[in-house]
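Number of protein chains: 2
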Amino acid sequence: MHTDLVAALDIGGTKIAGALVDGDGRILVRAQRATPAQEDGETVMRAVEEVLGELSASPLWARAAAVGIGSAGPVDASAGTVSPVNVPGWRDYPLVARVRAAAGGLPVELIGDGVAITAAEHWQGAARGHDNALCMVVSTGVGGGLVLDGRLHPGPTGNAGHIGHISVDLDGDPCPCGARGCVERIASGPNIARRALDDGWRPGPDGDTSAAAVAAAARAGDPVAVASFRRAAQALAAGIAATATLVEIDIAVIGGGVGKAGEVLFAPLREALADYATLSFTRHLTVAPAQMGTDAGLVGAAAAALARRGHAAPAGV
Amino acid sequence: MHTDLVAALDIGGTKIAGALVDGDGRILVRAQRATPAQEDGETVMRAVEEVLGELSASPLWARAAAVGIGSAGPVDASAGTVSPVNVPGWRDYPLVARVRAAAGGLPVELIGDGVAITAAEHWQGAARGHDNALCMVVSTGVGGGLVLDGRLHPGPTGNAGHIGHISVDLDGDPCPCGARGCVERIASGPNIARRALDDGWRPGPDGDTSAAAVAAAARAGDPVAVASFRRAAQALAAGIAATATLVEIDIAVIGGGVGKAGEVLFAPLREALADYATLSFTRHLTVAPAQMGTDAGLVGAAAAALARRGHAAPAGV
Chain A
1 MHTDLVAALD IGGTKIAGAL VDGDGRILVR AQRATPAQED GETVMRAVEE VLGELSASPL
61 WARAAAVGIG SAGPVDASAG TVSPVNVPGW RDYPLVARVR AAAGGLPVEL IGDGVAITAA
121 EHWQGAARGH DNALCMVVST GVGGGLVLDG RLHPGPTGNA GHIGHISVDL DGDPCPCGAR
181 GCVERIASGP NIARRALDDG WRPGPDGDTS AAAVAAAARA GDPVAVASFR RAAQALAAGI
241 AATATLVEID IAVIGGGVGK AGEVLFAPLR EALADYATLS FTRHLTVAPA QMGTDAGLVG
301 AAAAALARRG HAAPAGV
Chain B
318 MHTDLVAALD IGGTKIAGAL VDGDGRILVR AQRATPAQED GETVMRAVEE VLGELSASPL
378 WARAAAVGIG SAGPVDASAG TVSPVNVPGW RDYPLVARVR AAAGGLPVEL IGDGVAITAA
438 EHWQGAARGH DNALCMVVST GVGGGLVLDG RLHPGPTGNA GHIGHISVDL DGDPCPCGAR
498 GCVERIASGP NIARRALDDG WRPGPDGDTS AAAVAAAARA GDPVAVASFR RAAQALAAGI
558 AATATLVEID IAVIGGGVGK AGEVLFAPLR EALADYATLS FTRHLTVAPA QMGTDAGLVG
618 AAAAALARRG HAAPAGV
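Line order of the protein sequences matches chains A and B. Residues in the first sequence are numbered from 1 upward in steps of one, following the working numbering. Residues in the second sequence are numbered from 318 upward in steps of one, following the working numbering.
These are calculated hints, taken from the structure and not from any lab test. Owing to the predicted nature of the structure, the values given are computational and were not obtained by experimental measurement. Hints may contain errors.
[Unchecked claim] One side only, chain A facing chain B, incomplete, derived with CB under 7 Å: (1) Thr157; (2) His162; (3) Pro190; (4) Ala238; (5) Ala242; (6) Leu246.
Using N, Cα and C, we set each Cβ at its ideal position, and we do this for glycine too.
Could you build the full structure based on these sequences and the hints that come with them?
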């Protein structure tokens with residue numbers, strides 16, 4: 001049997017997406033379910049099994065060599081378990097064993113969702129050709145992943161690159177994670193919106209108080225909206241500079257809803273990076289918007305499975 | 318000719334140490350000069366050449382297969398140059414080419430001094446057996462290096478692990494590096510002493526205002542001295558937690574003069590780590606004092622040379 005495909009799962013708090021993906025990252029078959037996030041763990045697992053069932057009904061399934069999973073974190077790749085913050089029914093849930101059983105014994109590769117996005121951007125997106133990169137998702141939360149020495153660096157448990165929860169303000173506001181002044185506590189979409197509202201920004205007639213609405217106001221010149229993005233950019237810059245200082249990255253790729261704000265975010269981010277990335281070996285650092293779309297999680301999970309299988313492995317992933 | 322040794326150079330702002338080191342990390346021959354740090358670059362280089370000259374006068378020199386250099390940073394391993402902050406005569410100085418010439422054409426391996434210390438602790442010290450480690454020197458400055466996936470991670474330019482200059486207080490005091498609130502700006506020995514003095518601590522009759530004197534006062538229960546170490550520990554904890562969150566280390570080794578303060582530093586450090594290292598995959602993180610002595614820089618430079626040569630390479634370095 002010719003096994004040139006992999007199955008990919010992208011598991012988040014909202015949806016469970018699945019696909020059969022070829023060695024060029026093309027998605028050939030798709031399946032999707034809403035995540036029953038507030039249900040018990042077995043109910044969530046049944047949704048995963050339905051996605052896998054739909055994929056395995058395809059005649060292409062027979063060509064699948066492995067399953068790659070990118071999951072909301074924290075994950076524990078060494079134990080094969082996941083404990084997604086937004087899926088309380090899964091705590092140390094043995095997702096790898098359950099997926100392996102549901103997938104007829106295929107080998108399973110588990111990584112965190114930030115690491116999956118990074119694998120996708122490195123394979124086919126904005127980090128392509130960069131041997132040392134940080135890829136981030138700035139959205140409801142802030143996640144990320146690392147490419148070091150030309151290869152994905154998931155870390156022993158698959159969580160490396162978790163930039164949203166490094167503290168850049170050690171006396172700052174408490175973060176739900178338990179620490180203070182985390183990048184996410186300052187730069188996530190909800191925190192950009194909250195800060196703007198706290199400082200007197202008011203939404204338009206549509207009542208939209210999302211970070212996207214704050215971005216629109218900032219583009220129109222609203223000084224409070226501009227300041228909230230500037231503060232987010234400062235926190236992102238401190239976190240990106242810390243990463244560059246620790247592991248020598250040369251590009252930071254930013255995706256997610258907040259990443260789509262454009263120059264309202266990127267202009268102050270570049271300025272702030274010059275303030276925080278001061279050592280000689282960090283000064284050439286650039287930032288770029290993500291290029292992969294909503295399939296990044298699936299493509300990245302596929303990349304991880306292909307790379308670990310050594311099978312039609314995308315170079316360097 | 319049997320080439321089972323390497324030459325090692327440890328180049329700092331105070332002294333230039335050299336040695337011939339065997340595959341077990343034993344120092345067989347030593348040479349040393351004071352660093353003429355305020356002189357022009359050629360004068361500094363002459364001191365290096367004198368050290369190498371003394372080593373090459375040994376009959377053991379014929380067995381040297383390579384030269385390893387650990388240098389005060391920043392270094393640029395990819396360009397073979399160094400620009401040590403405390404040696405103004407060397408800026409983008411072609412140290413690798415000059416050492417190669419002075420060493421009869423032997424291959425030369427250049428790493429930063431924090432990376433060298435890390436190589437030594439991983440080979441023979443407190444990080445031995447740990448596949449993912451941060452090793453730090455907390456002294457006049459704060460430096461460090463990383464072991465990832467069981468191997469030294471110098472980064473493309475040899476500077477990775479530069480934890481002293483990550484910002485943990487993005488609105489904090491300006492740091493000489495140009496950023497604000499860097500770990501070094503809060504936790505280095507001079508900053509521990511300065512903060513204690515600013516807050517009302519006074520030295521004893523000997524007038525000693527060093528961090529070691531503050532540590533002695535803290536051990537005797539002086540609350541201002543205790544608070545200054547506690548603040549340093551908080552900054553170190555935030556930086557160590559950031560590193561664990563980004564690259565999944567499981568141990569942080571702390572050496573240097575401040576690292577010798579003992580429980581005055583380590584007790585609040587462990588407490589603060591629990592505050593900042595909150596994610597599941599960082600909670601098992603431990604801290605330990607460094608085990609290598611003043612020869613760590615030489616032993617680490619030797620380890621890097623041995624590892625790159627693939628010659629009697631210490632496992633995993």
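Going down the list of hints, with the structure as the test:
no.: 1; hint: Thr157; result: 4 Å, holds
no.: 2; hint: His162; result: 5 Å, holds
no.: 3; hint: Pro190; result: 19 Å, violated
no.: 4; hint: Ala238; result: 4 Å, holds
no.: 5; hint: Ala242; result: 4 Å, holds
no.: 6; hint: Leu246; result: 6 Å, holds
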